[in-house]
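Colleague: Protein sequences, first through last, are from chains A and B.
Counting in the working numbering, the first sequence runs from 1 upward without gaps.
Counting in the working numbering, the second sequence runs from 1 upward without gaps.
Please note: incorrect hints may appear among the correct ones.
Repeated chains share a single entry, so a pair holds when one copy, or any two copies, can fit it.
Unchecked claim - Think about it this way: if two alpha-carbon atoms lie no more than 20 Å apart in a straight line, the pair counts; the simulated SDA-like pairs of lysine to any residue are: (1) 51 x 111; (2) 48 x 7; (3) 51 x 89; (4) 71 x 94.
Just so you know, these hints were derived from the structure itself, not from any lab.
Bear in mind that the values here come from a model prediction, so they are computed numbers and not experimental data.
There are 2 protein chains.
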Amino acid sequence: MPTDPLSATFAALADPTRRAILARLSMGETTVTELAAPFEMSLPAVTKHLKVLQRAGLVSQGRQAQWRPCKLTPEPLREATDWLEQYRQQWEQRLDRLESYLRELQARESGQ
Amino acid sequence: MPTDPLSATFAALADPTRRAILARLSMGETTVTELAAPFEMSLPAVTKHLKVLQRAGLVSQGRQAQWRPCKLTPEPLREATDWLEQYRQQWEQRLDRLESYLRELQARESGQ
Numbered sequence: 001m002p003t004d005p006l007s008a009t010f011a012a013l014a015d016p017t018r019r020a021i022l023a024r025l026s027m028g029e030t031t032v033t034e035l036a037a038p039f040e041m042s043l044p045a046v047t048k049h050l051k052v053l054q055r056a057g058l059v060s061q062g063r064q065a066q067w068r069p070c071k072l073t074p075e076p077l078r079e080a081t082d083w084l085e086q087y088r089q090q091w092e093q094r095l096d097r098l099e100s101y102l103r104e105l106q107a108r109e110s111g112q
Numbered sequence: 001m002p003t004d005p006l007s008a009t010f011a012a013l014a015d016p017t018r019r020a021i022l023a024r025l026s027m028g029e030t031t032v033t034e035l036a037a038p039f040e041m042s043l044p045a046v047t048k049h050l051k052v053l054q055r056a057g058l059v060s061q062g063r064q065a066q067w068r069p070c071k072l073t074p075e076p077l078r079e080a081t082d083w084l085e086q087y088r089q090q091w092e093q094r095l096d097r098l099e100s101y102l103r104e105l106q107a108r109e110s111g112q
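All chains should be built: construct the whole structure from the sequences, respecting the hints.
Modeller: Listed below in C-alpha cells is the structure:
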C-alpha cells in the first residue's frame, strides 16, 4: 500500500468494484451486506475492497453494535480532484485544437 | 495491471514519482535523461515508472532516432477528473456545513 495519502486515494480508485462501492455509498449509508448484494463476489471479497477504501479514508463505518452502516467520506476525493485540476487547461487546449481541426475538415468537405 | 482504462489511469497516478514526472512533462517535452535528473533513482527505475505512464496512455514518446522526447497526453486525466467531479457536490456540502459550524463556534466565543 502507498504511504502518502494522495497515492493511497488513487490506488483505492484503481478498481472498478471499489469505484462502484463509492458510487453506491454516495447515494446514502448502507450495511456491508446490502453493499455486497449487487456484486457477483463473496462477502469476504467485498469486505477486502472495503478495507482498502477505509485505509484510504474514503469510507468510514459506524460503531453501533447491530447496524454498522458504511458511509462515504468524500474529503480525499477532493484532494485527488484538486491535483488533477492543474491539468485541466492542457486537455481543454488539446480538445479545442481538435475541435477547430474537425470544423476545418467539415468546411472543406462542404466546400467541394 | 488493471485492464479498464480508468483503473489504469488511477493506478498510474498512485505514485509520487509518477505524479512528479507528469508535473514536469506538463511544462513541456523532455528526454528520459533530463526527466530522470531531479530524481534520486537510477535511470532504469525512472524508465519503469515511465512505462507504467505510457501503458496508461498518459505519456507518449517521439520516434526520432536521436531525440525521443516524452510528452504528456492529458486525455486520460480528463476521464479521471470527470469521474471524480460527480462527488464534488458531496464534499462541497460537507465543507459548507463544517464552515457554518466553525462560524457558529466563533460567534458563541465572541459572545462570551
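Colleague: All the hints need checking, so say for each whether the structure fits it.
Modeller: These are the hints, each one checked on the structure:
When the C-alpha separation of residue 51 and residue 111 is checked against a cutoff of 20 Å, the pair qualifies neither within a copy, at 60 Å, nor between copies, at 44 Å. Taking the shortest Cα distances, residue 48 and residue 7 sit within 20 Å of each other both inside one copy (18 Å) and across copies (17 Å). Taking CA atoms no more than 20 Å apart as the test, residue 51 paired with residue 89 passes in neither setting, with 35 Å inside one copy and 25 Å between copies. Only between protomers do residue 71 and residue 94 lie at most 20 Å apart by alpha-carbon distance; the minimum there is 13 Å, versus 38 Å within a single protomer.
The structure fails hints 1, 3 (numbered hints given earlier, in ascending order).
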